[in-house]
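Just need the whole structure built from these sequences, with the hints factored in.
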Amino acid sequence: MWRTATVVAVRDETATARTITMEVPDWPGHLAGQHVDVRLTATDGYSAARSYSIANAPNSGMRVELTVERLPNGEVSPYLTQELRVGDQMEIKGPVGGWFVWQPQQTEPIQLLAGGAGLVPLMAMIRSRQSAGCAAPFRLLYSVREPEAVLYSDELRVLSENDRGVALTYAYTRSAPKDWPRAPGRIDASLIANTSWSSTAGPTCYVCGPTSFVERASNLLIASGYSPDRIRTERFGPTGEQR
Amino acid sequence: MPIISRGFAGRRTEADVKLPPGQYLTTDFPVLSAGPTPRVSLDKWEFSIDDGTNVLRRWDWKSFHNLPAENFTVDLHCVTRWSKLGTSWEGVSLDTLLADVKTNAQYALANSYGGYTTNLPLADLMNKQAWIAFKFDDEDLAPEHGGPARLLVPHLYLWKSAKWVRGITLMDKDRPGFWESLGYNNYGDPWREQRYQGN
Chain A
540 MWRTATVVAV
550 RDETATARTI
560 TMEVPDWPGH
570 LAGQHVDVRL
580 TATDGYSAAR
590 SYSIANAPNS
600 GMRVELTVER
610 LPNGEVSPYL
620 TQELRVGDQM
630 EIKGPVGGWF
640 VWQPQQTEPI
650 QLLAGGAGLV
660 PLMAMIRSRQ
670 SAGCAAPFRL
680 LYSVREPEAV
690 LYSDELRVLS
700 ENDRGVALTY
710 AYTRSAPKDW
720 PRAPGRIDAS
730 LIANTSWSST
740 AGPTCYVCGP
750 TSFVERASNL
760 LIASGYSPDR
770 IRTERFGPTG
780 EQR
Chain B
512 MPIISRGFAG
522 RRTEADVKLP
532 PGQYLTTDFP
542 VLSAGPTPRV
552 SLDKWEFSID
562 DGTNVLRRWD
572 WKSFHNLPAE
582 NFTVDLHCVT
592 RWSKLGTSWE
602 GVSLDTLLAD
612 VKTNAQYALA
622 NSYGGYTTNL
632 PLADLMNKQA
642 WIAFKFDDED
652 LAPEHGGPAR
662 LLVPHLYLWK
672 SAKWVRGITL
682 MDKDRPGFWE
692 SLGYNNYGDP
702 WREQRYQGN
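Protein chains in written order, with the working numbering: chain A, 540 to 782; chain B, 512 to 710.
Please note that the accuracy of each hint is not assured.
[As the list claims (entries may be wrong)] For lysine-lysine, the following DSS-like pairs were computed, each having C-alpha atoms within a straight-line distance of at most 30 Å:
(1) Lys529/B with Lys613/B
(2) Lys555/B with Lys632/A
(3) Lys529/B with Lys646/B
(4) Lys632/A with Lys639/B
(5) Lys529/B with Lys639/B
(6) Lys684/B with Lys639/B
[Claimed, not checked] Taking CB as the label site, the calculated pair distances span:
(7) Gly584/A with Ala653/B: 32 to 42 Å
(8) Ser670/A with Trp702/B: 18 to 28 Å
(9) Asp651/B with Ala732/A: 30 to 40 Å
(10) Asp693/A with Thr564/B: 38 to 48 Å
(11) Arg569/B with Asp693/A: 57 to 67 Å
(12) Met637/B with Ser670/A: 48 to 58 Å
[Claimed, not checked] Partner residues are not named here, just some residues of chain A that face chain B (Cβ under 10 Å, in silico):
(13) Ala544
(14) His574
(15) Asp576
(16) Thr580
(17) Tyr585
(18) Ala587
(19) Leu623
(20) Tyr711
(21) Arg713
(22) Glu773
By construction, these hints were calculated from the structure, which means they are not laboratory data.
From the three backbone atoms N, C-alpha and C, an ideal C-beta is built for every residue, glycine too.
Structure, rendered in C-alpha cells:
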C-alpha cells in the first residue's frame, strides 16, 4: 500500500547527502533499521521507485526521515537531494524489513559498523536508544572517506560528549583531520580489536555499507572471534569499490 | 491515480526493455545478504535432498560435477528493485537432481550454509525453471554471490535463489523460510510484484 508523504523539511548533511523529513498521516510506525520504498511519478505517469533506510527514531509520530546520498548517475537520488523542496509530495511504502532491526528491549551490548551512508539505519538505532532511554551500551565504528563526508556530525559529537553509553570511533579512509592518530585507510584487525566489543561480551553486531565494506568488516569480526550468527548485515550499492 | 512528484522527470532510456513493474535496470551485480558471507571449502561441500526425515540423495563436490551440467542465460529480479538481464550461468538442473526422486510433497525448503532458508512450491523447482549453479560468466561463482554453489530460480524474486545452498527439504506442508517469516511475500512473483506480505 502506497502512502502519500509530504515533505516538511530538507537539510543538507554533506555536499552530497540530504535529510528529508516527511509527514505521512497514516504512518503505522517503524523499527530502527527498517527501510521504505519511495516512488516518484512524473506528470505523464512514468514512475520510478527505490529503497531507502529510515533515519529517525521509531516513536516520531507521523514523521519519517530519510537521509539520501546522491549517486552520480542515479535516477531518483539526484531528484531527492537537489530538486525536492518543502511541500512536495511523493509516495512511500513500508516500513519494510524485520531482520536488520534493533529494538529497545534488547539489553546486550551493541556493536555498530558503518561504511559511508551505511550509517543511516545505524543512526536510527542510536536515536531509538536515546529516545527510549535505554541502557544497552553501544559502540559505533564509522568508516568514512573524509571529515567533510561525516553525516550527523554535530549530533554525533554532542552524543559522544554527553552519553557514556555510546562510544564513537571514526575511521577515515581517504583523508583525516590534522594530527589524527591513525593514517587514512580501510578498517583493519587492530582497529577492530581496539575499539569494538570483544565477542565475549555477547554483543550483537550490525554492519551496513557498500558491499566491499560489509565483506571486509564482517570478515574482520569473524576473525576476531565473533560468531557469524551474531552479525547482521545490510549491503547497498554496486559490487565494485566503495564510492 | 498516483501522486505526482513536482519536478520529477525520470529517465526513459530503457523504454525498449521489458521489466517487471517497479524494477530498474542495472548492469552491475549488487550483493544482498542478511549476514556474513560463509566460507565453504570444496572438500566439505555437499548437496542433499531430504524429506524431513531421511536423506534421499546426496552429492559431494566431485559426484555433483559428474552430473550433466547446463549453460543457461536468465534475467534476475531482486526485490530491492534492481533487475539484471541476460546473465550467463552453468549449473545442474533441478530436473536432473530430482529425476528419480519419488515424492508426493508439494513444497520445498532450500537451506544454506550459514543457516538461510527459503520456501517455494516444488513445482517451481521443476520443468527447466531452477538450477544449482556453480559458475557465473564462465568463472567459479564468487562467495559473495553464493559460491561454491547457489540455487537459481530466476522466475521468482532473487531471495528465492538461495546462496551457499546445501540442500532441499521436500515438504507436504508449506513452511515459511527466512525472509518469508520477516515480512516478505510467500511466493515472490516479480511480474505480479509480490514483494511483501499482503501483496
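Q) Any CB of chain B closer than 10 Å to the CB of Glu773/A? A) 8 Å, holds
Q) Is the distance from the Cβ of Ser670/A to the Cβ of Trp702/B consistent with 18 to 28 Å? A) 41 Å, violated
Q.
Within 30 to 40 Å: is that where the Cβ-Cβ distance between Asp651/B and Ala732/A falls?
A. 32 Å, holds
Q) At the C-beta level, are Arg569/B and Asp693/A separated by a distance inside 57 to 67 Å? A) Distance hint for Arg569/B, Asp693/A holds at roughly 58 Å.
**Q.** Minimum beta-carbon distance criterion (10 Å), Leu623/A to chain B
**A.** 8 Å, holds
Q: Starting from Lys529/B, check that the Cα of Lys646/B is at most 30 Å away, please.
A: 26 Å, holds
Q) For the hint on Ala587/A, does the least C-beta distance to chain B fall short of 10 Å? A) 5 Å, holds
Q: Take the C-beta atom of Asp693/A and the C-beta atom of Thr564/B, compute their distance, and say whether it sits inside 38 to 48 Å.
A: The hinted range 38 to 48 Å is violated for Asp693/A and Thr564/B, with Cβ atoms some 60 Å apart.
(Q) Does the beta carbon distance between Gly584/A and Ala653/B stay inside 32 to 42 Å, or does it fall outside? (A) About 39 Å separates the Cβ atoms of Gly584/A and Ala653/B, which means 32 to 42 Å holds.
Q. Is the Cα-Cα distance between Lys529/B and Lys639/B 30 Å or less?
A. 22 Å, holds
Q) Is the hint on Asp576/A kept, meaning its closest Cβ partner in chain B is under 10 Å away? A) 7 Å, holds
Q) Can the hint on Tyr711/A be confirmed by a CB-to-CB distance to chain B that is less than 10 Å? A) 24 Å, violated
Violated hints, in rising order: 1, 2, 4, 8, 10, 20, 21; the structure is consistent with all others.
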